Structures are given as C-alpha cells and as structure tokens.
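Please work from the sequences and hints to get the whole structure.
For the record, the sequence lines run as chains A and B. For the first sequence, position 312 (counting from the first letter as 1) is numbered 312 according to my numbering, and the numbering increases by one without interruption. Plus 470 on top of the position in the second sequence (first one is 1) and you've got my numbering.
Hints listed in this document are in silico derivations from the structure and should not be mistaken for laboratory results. Accuracy of the hints is not assured; some may be wrong.
Said to hold, decoys possible - Below are the PhoX-like pairs computed for lysine-lysine, each with C-alpha atoms no more than 25 angstroms apart in a straight line:
no.: 1; chain 1: B; residue 1: Lys702; chain 2: A; residue 2: Lys419
no.: 2; chain 1: A; residue 1: Lys364; chain 2: A; residue 2: Lys323
no.: 3; chain 1: A; residue 1: Lys278; chain 2: B; residue 2: Lys538
no.: 4; chain 1: A; residue 1: Lys211; chain 2: A; residue 2: Lys199
Note that the structure is a prediction, hence the values are computed from the model and not measured.
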Amino acid sequence: MQPKITAKERMQITRQIMPEQDAAQRSGNFKEVNLGFNEQLAILEAQRCIQCREAKCIAGCPVHVNIPRFIQCIVNEDLSGAAESLFSDNALPAISGRVCPQEEQCEASCIRGLKGMPVAIGYLERFIADWARSQVIQGEKPNPAPLSGRKVAVVGAGPAGLTAAGELVKQGHDVTVYEALHKPGGVLVYGIPEFRLPKKIVAAEVERLTKAGVKIECNVVIGRTYTIPELRERFDAVFIANGAGLPVFMNVPGENFKGVYAANEYLTRVNLMEAYDKENANTPVLVGKRVAVVGGGNVAMDAVRTAKRLGAERAMIVYRRTKDEMPARVEEIHHAEHEGIDFELLVAPLEVIGDEKRWVTGLKCNRMELGEPDASGRRKPQVIPGSEFVIDCDVVVVAIGTKANPLLTATCPDLKLNKWGNIETDANGMTSVAGVFAGGDIVRGAATVILAMGDGKRAAKAIDRYLQHV
Amino acid sequence: MHTILAKNQLSPNVTRLDVLAPRIAEIKQPGQFVIVRRGEGDERIPLTIADADPAQGTIALVIQAVGKGTRELVALNVGDAIRDVAGPLGHPTELISAGRALCVGGGVGTAVVHPIAKALHARGVQVTSVIGGRSKEWVIFEEELAICGEVIVCTDDGSYGRKGFVTDATRELLEAGGIDIAYAVGPVPMMRAVANLTRPFNVHTVVSLNPVMVDGTGMCGGCRVDVGGETKFACVDGPEFDGHLVDFDLLADRLQTYREFEQRVNACADGQCNIRK
Chain A
1 MQPKITAKER
11 MQITRQIMPE
21 QDAAQRSGNF
31 KEVNLGFNEQ
41 LAILEAQRCI
51 QCREAKCIAG
61 CPVHVNIPRF
71 IQCIVNEDLS
81 GAAESLFSDN
91 ALPAISGRVC
101 PQEEQCEASC
111 IRGLKGMPVA
121 IGYLERFIAD
131 WARSQVIQGE
141 KPNPAPLSGR
151 KVAVVGAGPA
161 GLTAAGELVK
171 QGHDVTVYEA
181 LHKPGGVLVY
191 GIPEFRLPKK
201 IVAAEVERLT
211 KAGVKIECNV
221 VIGRTYTIPE
231 LRERFDAVFI
241 ANGAGLPVFM
251 NVPGENFKGV
261 YAANEYLTRV
271 NLMEAYDKEN
281 ANTPVLVGKR
291 VAVVGGGNVA
301 MDAVRTAKRL
311 GAERAMIVYR
321 RTKDEMPARV
331 EEIHHAEHEG
341 IDFELLVAPL
351 EVIGDEKRWV
361 TGLKCNRMEL
371 GEPDASGRRK
381 PQVIPGSEFV
391 IDCDVVVVAI
401 GTKANPLLTA
411 TCPDLKLNKW
421 GNIETDANGM
431 TSVAGVFAGG
441 DIVRGAATVI
451 LAMGDGKRAA
461 KAIDRYLQHV
Chain B
471 MHTILAKNQL
481 SPNVTRLDVL
491 APRIAEIKQP
501 GQFVIVRRGE
511 GDERIPLTIA
521 DADPAQGTIA
531 LVIQAVGKGT
541 RELVALNVGD
551 AIRDVAGPLG
561 HPTELISAGR
571 ALCVGGGVGT
581 AVVHPIAKAL
591 HARGVQVTSV
601 IGGRSKEWVI
611 FEEELAICGE
621 VIVCTDDGSY
631 GRKGFVTDAT
641 RELLEAGGID
651 IAYAVGPVPM
661 MRAVANLTRP
671 FNVHTVVSLN
681 PVMVDGTGMC
691 GGCRVDVGGE
701 TKFACVDGPE
711 FDGHLVDFDL
721 LADRLQTYRE
731 FEQRVNACAD
741 GQCNIRK
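In structure tokens:
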C-alpha cells in the first residue's frame, strides 16, 4: 500500500506520459504505438484523481463508467478490484481505452483539466483491462444468471453487437451473433489498424464472450443468407448492429482510375486480409510512393499512417479545413505528425489525374479559406479562385465517410428509415418493428466505437426489459 | 467448414467442386454468387453459384484456375473442406417469363449462364444457348444446357461444333429474329462484343460482371463499375447489369489493377522466384 499522500502532493503530480514506440522506428512497422503504463506509472497517475463527489467524468462517458471508483482501486493497489469495477460498467475496456476520443468525453469533464492536464483516464482504463487479460484465472467462472429460455439474435459482431451480446448473455439469454465477414470484430478488425488496436486484443475479447456462452456465426449476411423477418420468427428479439455501410466517394472525375481506394477497401485489405505482411499476403494492396488520403477523421489518420508503414515515401492528408477542425482524435493527429505525415490543409480535391493507362498520377485541388461557421458549427471552407494546383501521387484514399447500406433494410420493408436510410429507433433503441432493436452506425451514421458500444449496452437493457414483458 | 462432396475436371483449367452449404443451396437464385476463402490467411474469392442440390445441401462452384488462390482451391479433394463460404450474394437474375432467350457463355462463364438457362426453361421460356471454347476439350456444361433447350457449340479451331467464335453464331441468331432477351457471361471482350451485336437489334442484354471484390456486401467499394455514367457496386447493385450501358473499357482496365502482384505470386507458386521466400 502506498503511503497516503497529501492534497498538495496530489496536485503536484503532473500527468504521466504514455510510453510509446519511437516515431522513426514505428513508422516502419505495424506494432502498437502506445506501449501502455506499468503499475508504477498507473498508480502515480491514479493519485492525480481528486475523487470528486459529483464526478463529471462519469457523465462525460457514453457508457457511464464509474471512473473515480476504479481509479481509487488503483490507488489502493487493488488491481482486481479495479478490474471488477471497470468490467461491470464496460464490456470492452481494452478497446475503448485505446480508441475512445477521451479528450472530448471523460477527460474533457475532468476537474484537473481546468488547471493543467486532466487525469489520463483512457490510459488507466487500458492499463486495468490489459492487466486483467494477463491474469490467467482458471476454474473461476462469473456467476451465470439463470437461463431465461429466451433467444436473441445480434446482427453484426462489431463494437455495438459484441457489447450487446455480452450484456444479454449475462442476463441468461441465449445469444447468437451473425457476422457477414469471416472474422468477428467488425470495424475493430477490418478498419482500425494493428498499430492502434492489436488484433489479439479483439480476439481475446471475442473469446471472453464465447466462453460466456455467446454463439458467433461468421459468413452469414443478414439481408441475403437470412432476412430480419426470418430471424424474428426464430428469435424472441433481434438487435441490428450491421455497421457503417457503403463508402462515400468524392464524385469527381477520375475516381475510378486504378489507384483510387475507398478507405474501407484500403484498410480492409491491409488489416482483415493481412496485406501488411507483404512477404506472405495473398491479398494485394497498391503500396504507392506518394499516397494522398482525403479526409480529416480517424479513418483518414489510420489510412495515412498505414500508407507510411507500407513504405510510402510521402504520405499525406488532404483536408479542406485546418487541423483545428479535424474530427480525428488529437492523439492520432499528433502521432501522425511525429511519424512524418504531411498535411495538405485548406485543400479540396477537384479531379483525379491519370496517365493513358488510367493509373493515378495526381490529385488536382483547389486552395480553400475558412468563411463563416456552417450548420455543424465549423467554419465553412470556400474556394480561393484561381488557386488550382496538382498534388503528385500514385495512390488516392478517399476517407470522407460512409452512408447507410440498404442490403439488410431492403429485405425488411417494415423497418422505418430516416431520409439517409439509417434505421429509426426510439429512446430504448427499438425500431418500428416490435422486438427488433438497432444501434451503432446503422442508426447514427458514421460515429465512434464507444457510441456504438453505448448503444449496444442500452439496447441490451431494453431487450431484457422487453423479454420480461412478452 | 464446407466439405467437398464431389470434384470434376470440366476442362484443362476448369474444375467443378460440389460443396456442402445447405442454407445457400436452399435459397440461392440464378445469378447469385458466394465469397469463398479456402483457409486461414487466404484471399476472398467471389464465385458464381453454377448449380445447387438442396436435397443434398450442396452448391456447385465452377472454378477457373488462373491465380494462386484459385489453383489452391482446385487442388482440394473430395473430403477436404473450404473454411468460409458466404452468401448467396448479389441480386438474382431478372428473368423473363415467356418468349425466347439467348444465353451466351464463354469459357468458365458458361457455368454462370447455366442456372439462368435452367430457370428460364423452368418458366417455359424457349432457350437457345451459344457456348464456346478454344477447342473441344474447353467446352463445358453442354449436357446441362441441352436439358434447357437448343445448344450451339462453337470452337475456335473447329474441333467440335461449328468453327468460330460465339459472336458469329449470336449474330446469325439475331439476324434470324425472334430473340426477346440475351444473357451473356464470359470474358470482358466477349460480353462487350455480344452487347455490341445486340444493340442494333434492340435486344435487351444482361451481362454478369466480375470486377475485383473484397467483402461482397457493399462495404469496400472496390467492385465499382460504370453503368450508364453512374458508379455502381457490382456486389450489391449487381452483379448483372444492362450490357448496353456498361463501360467495359473501365471494367477491363480495373481488372488489371493487381496484375503485377498476381504475376509475381504465380511465379513464386511455380517455384520460379524467391522474392516471397
């Protein structure tokens, strides 16, 4: 047990730095960038938490993790207590601890952030989740709830679906998850790269769920292999979490030239299909000497840092606003900068240029300036007349978002959709079809992993209540 | 796992595998495809479902061994299993319910034409199939198509059926008249040639496109094709489109994207290089 420290001492501790792989070295490999706190760093950081009576950080968290409670356990060196506390609130902390935009959520509300830096809540969450995974607990099984005799189908094994499945199985329901791809994880395995979220962590979380009794069937495409009405007949409730859907393209000339990818394809080839392993991969990806990634979100950062690691001499972000307006996590932007990513800011593509064989040779762009704030509250970019120029590149990756995939919804006409094709739900996550719930990106449009997890958790509660009343 | 129950060599480089996939066998419709992954670490390969036996729970996959992935797939034997089979994917073929249909199949595309011809025949449509290959040994699915109607076989060298390309026989049939719709599946130049032949006759022509594809569910956008000036995803909007509107140049062009990779991998698989260890 650490000796008790005074309030003054507590306030003097500065935020602990996350150890990370050297930038020059890591930009040539796919190993995780952040190395994680050790116990000593974690305790020191945990001591910075002043244990607010009305903890604003909890309200800032989309899944309402009781943050001061698990942090206090770390201070007391009770790591298993911290793990128990954390896992009771959040089914996938090793994942959210790595990919959440903490600076906009829990850490944005941290009182210590008013004067100085907020407590590194995300790093502590990750530390506890990783510690828990390293503990081989044999023969000990969590107290299973009595079996309810109710069957629930979950569509999609991404963050929303896996979270919901974990919660539902805890309630004693018989849960089957249907995954369209050959591996569970959704965006956690096809989208987010190894250097940000190692696949073994996702695999461990999936294994934890299957050990708890969740059944996962891969290669089942709901909307094709089975429809929602068919699932509704065989299950007492259905949770739809089939994800982000179709990639959006820029709709500029030359976009079908060889060398233009949607970020989804580029990342899927490298991550899910393992093209990062250049010597052994069976699935190819165009490496590119100069790679231009269009967009400013997390997906754009993942793609551009992937390009660098694959061996691009110049990997660049092309974004029509400035760094301040970028929707990506601050840490990802910093990591990208350190890794030598170039930022072409206030630049908007006009046309993809190709050679006579229609291989990409460049991206014709306009320079932009920021005008008045638009509906999103961000200042609207405007074209500077006569500013056209060409960025030399041989690969273009388009990372400007996704739109709803009609594959599933087209086979369930009773599902009410909004004008963008996303599924409409009530406050409990229930759709217009009784017993059918939905969450994650198919409801929200492209959002974050943690919001999808929040939807999964909320829907699981609502499904449990629904099953008690039917 | 999807066990292989039967294996047949149809031509020097085309193999038929009958694979256990009961749900897909039960619901598949003509024109639909599956995505197959032989084992851990292997690529995802889209393959049209050539036939199905719901009672036995099998689907027929007809595979042209051209690259490392397809060669490894056809190296499997009866009793071996394919790790992943996802589907049925894509929209079913738009079938006419009366009249006369021309079904043109080139090479391995003949296997894709077969379920279409079978379904048309079942509806009472008069089916005339024109199929072809380099020489006699390359002609596939003749017997199966003969059950559905008249079959005209063409070989480049005249070793079997009539000498010439499928386009020659197609032109004569169009000139003779009475064709209500054409279905053409085969190499890109063949589909383009058939579409060009039918256009002046105003015969609606359905082609099945085979662009590079990864997930097959609309997620990646790799299979985009230009149809009537609009970008479509072959996996979810197709794979069949109006042949008079397809930009075949773009399709042929995009199919070249990974040629260099494929050549390298194939050379290595043949033991001709050491780049990949």
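Each hint, compared with the structure:
1. About 20 angstroms separates the Cα atoms of Lys702 of chain B and Lys419 of chain A, which keeps this hinted pair within 25 angstroms; it holds.
2. Restraint check for Lys364 of chain A and Lys323 of chain A: satisfied, since their Cα atoms lie roughly 21 angstroms apart, inside the 25 angstroms limit.
3. Restraint check for Lys278 of chain A and Lys538 of chain B: the C-alpha separation of about 16 angstroms stays at or below 25 angstroms, so the hint holds.
4. Under the criterion of a C-alpha separation no larger than 25 angstroms, the hint pairing Lys211 of chain A with Lys199 of chain A is consistent with the structure, at around 18 angstroms.
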